[in-house]
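The listed protein sequences correspond, in order, to chains A and B.
Per UniProt numbering, the very first residue in the first sequence carries number 1; after that it's consecutive.
Per UniProt numbering, the very first residue in the second sequence carries number 1; after that it's consecutive.
A couple of the hints might just be wrong.
It does not matter which identical chain is used: a pair holds within one copy or between any two.
[Unchecked claim] Within a straight-line C-alpha distance of at most 25 Å, the following computed DSS-like cross-link-like pairs (lysine-lysine) qualify:
#1 Lys423 / Lys298
#2 Lys410 / Lys382
#3 Lys410 / Lys400
#4 Lys382 / Lys423
#5 Lys298 / Lys321
In short, the hints are calculated from the structure, not lab data.
As the structure is a computational prediction, the values presented were derived from the model and not from experiment.
Single-letter residue listing:
Number of protein chains: 2
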Amino acid sequence: MGSLVHLQSWEEKAGWARAQRDASLAKVEPELGGVPDAHNMPLSSQDLPKAVLTPREIEITEQYTITKLLGLLRKRKIKVEEVARAFLRRAALAQAATNCLTELLWDEAIERAKHLDSLPEPRGALFGLPISTKEHHGMVGAMGKNKAVTTSASFVAWVGREHGGSNLLYDTFWDQGCVFFARTTQPQTIMHLETESNVYGKTVNPYNRELTSGGSSGGESALIGMRGSILGVGGDIGGSIRCPAAHVGIYGFNIKRVGTTGFRTPGAGKETISGCPGPMTVDRDGLELFMKVALSAKPWRVEPSLTVKEWTPYTFTRPPKIAVQWWDGVVRPHPPMTRALREVAEACRKAGMEVVDWDCEGLSHQKGWDILSALYWPDGGKEVLGLIKESGEPILPLTKFIIHEQPTVKELTQHELWQLCVKRDEYRARYAQAWSQTGDGGNREVDVILCPPSFGAATPHGQSRYWGYTAHWNLLDYPAAVFPATKVDPALDIKDLSYVPKNSQDRFVYDMYSPERFRNAPVSLQVVGRRQEDEKVLAALVEIERAMGRA
Amino acid sequence: MGSLVHLQSWEEKAGWARAQRDASLAKVEPELGGVPDAHNMPLSSQDLPKAVLTPREIEITEQYTITKLLGLLRKRKIKVEEVARAFLRRAALAQAATNCLTELLWDEAIERAKHLDSLPEPRGALFGLPISTKEHHGMVGAMGKNKAVTTSASFVAWVGREHGGSNLLYDTFWDQGCVFFARTTQPQTIMHLETESNVYGKTVNPYNRELTSGGSSGGESALIGMRGSILGVGGDIGGSIRCPAAHVGIYGFNIKRVGTTGFRTPGAGKETISGCPGPMTVDRDGLELFMKVALSAKPWRVEPSLTVKEWTPYTFTRPPKIAVQWWDGVVRPHPPMTRALREVAEACRKAGMEVVDWDCEGLSHQKGWDILSALYWPDGGKEVLGLIKESGEPILPLTKFIIHEQPTVKELTQHELWQLCVKRDEYRARYAQAWSQTGDGGNREVDVILCPPSFGAATPHGQSRYWGYTAHWNLLDYPAAVFPATKVDPALDIKDLSYVPKNSQDRFVYDMYSPERFRNAPVSLQVVGRRQEDEKVLAALVEIERAMGRA
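Pulled out of the complex, with its shape left as it was, chain A reads as follows (with noise of 0.2 Å):
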């Protein structure tokens, strides 16, 4: 592998940190037998493992929960090393099938493992446990200060540049006995809901390599379809965690709790919005875990801006009141979508919940992302843009729709950044008092919300080109809890060939629609609480989910 100072174009930089890539993969041991070629993978990667891993490997990587795996390797039943040799290889395969990964952390996690097995007692709360994470946010402390950990985040101008400086969360994970094994893929800009860059390409959906694995957090979401990873760590700003969460059907959560520092990421000091880490797993209690473990390092010690507040567990004293999102008042959900919503309601109903419409049409969501969509951008895009520049490397298509195609992105003065920031607290001083109003003339107040996290299933590479379902909870502060719901079956969401869409966006997504297209693709919901009421929503999500009949 070469040095990267000698090389020029953009293109040979996007090599250079490919070929690192490669390089890592190359150290899995033993090798992967029976891949497909890229030319001849399968739509689904589904089956993949179980041709290519051993029985034992599918065991630890697929038959047990989080805290059953957990348990599992505290109690000494299960090697550390072994556990992280399985999710190296799955995650390896995972690469070969989706694309997803900027570097296999072999050498780095077979030793921590050996460490961990070495220690006379098994000490921390995630011991042992594999967990993958976002290639941007570096993790420079906790794989010790000796190794040299570069962040491109995705940027062409930053490939190989050296992540400086320790990251608070990761940190905390290693000291509570994890071992990182792998780093995974982000679109350029980390601003697409889909996941493309110039530096490793697209990453593709492991239910149907058609489809979007979402994004941001793309790579870890087709990571964890794959079960190549079960718990990772994504960041969301507009949907970046759940987004990809929903499109391969595992649990994702976006709060604004853990923080950010030794993250890198265009728009440092910027204030209009802000994102934040958080977990994307393959179960609930997982999201809870994360939670649990990242703030008993109290972050908000060492980072300002953070709340001081623990991980404050709530629990209903009676069925929780829920109302349900049908649409946004802007684009109809596809049919699988509002099946979705439909059969949670009714199974909700069933368990005795109190369930009502959330009927928003008078809340404007499109005026919420009119601000919503310059607050992204108050320099008009130019650092990213200029970084783009830098290299030379093309801008994407989902770039452009995100900064050139939205009307309000411009370079704001100070005081057209104040008036916008006015309108955004009035916005959502508004949509806080909607809420309250659910509580007038004797009625109960309203829980959660329950609403569609997408319009569809995963979408089309290239179409992500409506935010609306996630941002609109990141541009209010509220948390938002994703979980699984049901797959598309094209016998049940017919297209509605009736329908007349409202506008262009509508019509955008009512013409993506056909039920063959996202046949067996996840189909995720989201819950959604009132701003800071962070654990309600995961408490909400338990009896949800015990509803729908899950344990």
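Keeping the supplied structure of chain A fixed, place chain B upon it in accordance with the hints.
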């Protein structure tokens, strides 16, 4: 009283505002007798009430704590109207003595009092309690929708401007049964640590009219320092509650828990540093009462920037550990301030507390100020300078000081703003780390810092040119309470003639001091807690005052 419409010059408009104020004061009945005319006012106003008010008025306004007076009101041992009239008359006297009011709410307060007296049962946590308020806050909702309220925020350009919209905080107090009775002055731009405007002139200190009552809530402090009010609402973004409270020896508390919905302030939507209303009171319990009542309304459900947290009283289970900041590394406090620190620290030590030094020279408070002063005016001050220009009123020297004379102030690009916010966050992180490190090596972590709220007692007019002792905690977003400690005693507080100032600010402050100039002026101290440890600050204040021999 004429209409504003035909007035042309700024002097005429300011005159109109003063005529409005005078008309509101002319309603006082019986008229105040025995008030010296403006040219014959004594240096200290402290003996005026006994000469002007009735013994019963003195009793009502002076001889009860807030809790005690509330108890009498609730038990109906005293009429709300009698209390209101006593405070109205004393407030009018305070106006004559210190020029602290923009409006006396004579009719409104008496009408309100009569209404409360007419209720079959006393209702509300503030039943019958008179509350004074800083003018720019407005109070439309609380005063009833048919009352035309104007709010100028001391800008001539805004004189006579109707105050639309309601005010969450004041609505809450109103719902809890209070009586609003007086509105108080603030300086031009609301960004001086004194209180002078072209609308209302200069507010003076009730202990010494050659000294300032502080600012920007200096109308409140002068009024409460005269016991023309016992509980008032100020606001703080750089010391605007704490500086004036300190200068008149009352209590003040700066925390970011209470909303500003409905206030009229320049800089709406600016997120770099935000101000917040808070209590200014004659006793410590008043601070906690204010917070409890303000938060009982769950303002975070209405104003979506507020932390979702009830007021949660804190109790020390062992004596707090106190760090004394003898100076801030920039400006050496005057001798009476250092004596106050020494006496209180000594009392704390005697009461069994661990008392250590807060050595902050390495943390460079000057660097903090360089960041903060720029963050106050990311628009280079354009908005407020524009407001001043609009009417043609002169720019006052302390406005020039805080905008033109700060080398850091300029209109920022978005990227410059982001960089500055990063610097702010790094500074905050470094300070938090320093605080955490007090707990290293088996030591107990410091609970609170005890420090000066100013370099000395109240400053002579026009000389409040050093904000470091209060504004630093705004930069860090640390809660801070101010309480009275002692008074200047020329026999004890001798000038150190051998001291060599360290820099030009230090020289300015050093040169200002001579014991006689400040004789008998109140000297106050400040208790500061870590971010969001608001309740702990008040708990520490309880312990400290107990150590000082107070109840």
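Structure-inconsistent hints, enumerated in ascending order: No hint contradicted; all consistent.
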